[in-house]
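K.L.:
Use the sequences and the hints to build the structure in full.
Everything in the sequence shown is counted per the working numbering, starting at 345 for the first residue and increasing by one.
Some clues are possibly wrong.
Think about it this way: if two alpha-carbon atoms lie no more than 20 Å apart in a straight line, the pair counts; the simulated EDC-like pairs of lysine to aspartate or glutamate are [said to hold, decoys possible]:
| no. | residue 1 | residue 2 |
| --- | --- | --- |
| 1 | K587 | E614 |
| 2 | K534 | D500 |
| 3 | K453 | E364 |
These are computed hints drawn from the structure, not numbers from a lab.
Fair warning: this is a prediction, and the values are worked out from it, not measured in the lab.
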Amino acid sequence: MSTASPPNFDCRMYEAKFPEVDTPVMIQVKEIGDVATHVSLLEYNNIEGMILLSDLSRRRIRSVGSLIKVGRIEPAMVLRVNAEKGYIDLSKKRLSEQDVQICEERYSKSKLVHSIMRHVAETMNVDLEDLYIHVGWPLYRKYGHAFEAFKSIVNDPDSVLKSLTREVKHIGPDGKEVSKVVPALSEDVKDALVRNIRRRMTPQPLKIRADIEMKCFQFDGVLHIKEAMRQAEAVGTKECPVKIKLVAPPAYVLNTQTLDKEQGIKILTEAIAACGAAIERHKGKLTIKESPRAVSEREDKLLAEQMAKLGRDNAEISGDEDSEVEEDTGMGSVDLDSTSSGITTESVI
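P.N.:
Structure follows, in structure tokens:
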């Protein structure tokens, strides 16, 4: 796949050099003028476009700055394309909610495909447009979007890449030019592409979390809460295990990891129900503070930091046995994971 000139690492994402009229595209605002806003079309190698101020909104414009800002990335609708002169007129007010959703979903997939393709081109020193011509754009045509093809490559590369070919020409023994069909990718470039696709597109487990409060003021309330926690964890499956931990009385978190978001939410919902039923049998109470939802790594890290801080604070006051003020929460510091039996109970606060 070598070329006579140095490889080029810039290329549009799609085969067409210009977008079609009445198509939503992703743009980045470059400059805001007196009568128009100048933008670049991110999916088309940053070719320039223009949005007249009158096309920014259906409503009366009082402040352009409230509608659009330099550097912002957002969808816009293509109104006119002059391929000869390179003029592209766009509009924001022509966009519907459905257009915005379609554009954002397509761009998210295209950006990931482009990132993988460009990384392979740069690391293997091959021309990015050549890679698109023989791999990316044929996959767009066959699968509707190269992203769908890349998903299949994760598990079965040959089923997707084996059909991709290129035509090379060379001079035969008789001095005449001969064409020959060969695989689109050399083995080393193919390996690099598959390796990058697997690294970037192998599904990662989602973290699902719910926040609850649980109290039980009955005799042996600590034991009843521990049993309720066991009932919650028993709902988990091998693919979607449930863990419940104490944050600070009476706050607890339930969490699980799964590839299927809906399944994770369903399992945690059932775990909360089982936990609530168990504690209510002993006249305890469970309150849902935050329903099951997917959480980011940042949220997960903040929770871990909060629990670590509470642990340090508890350690500092654990020796204070002369306190005259006690708060009965019905539960001490419990962590089902901390012993071989799955239970540790410290002093009831």
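K.L.:
Compare the structure with each hint and give your call.
P.N.:
Status of each hint after checking the structure:
1. For the hint pairing K587 with E614, the CA-to-CA distance comes to about 13 Å; that is within 20 Å, so the pair holds.
2. Distance hint between K534 and D500 is fulfilled; the C-alpha atoms sit about 13 Å from each other, no more than 20 Å.
3. For the given pair, K453 sits about 19 Å from E364 by alpha-carbon distance, which is consistent with the 20 Å threshold.
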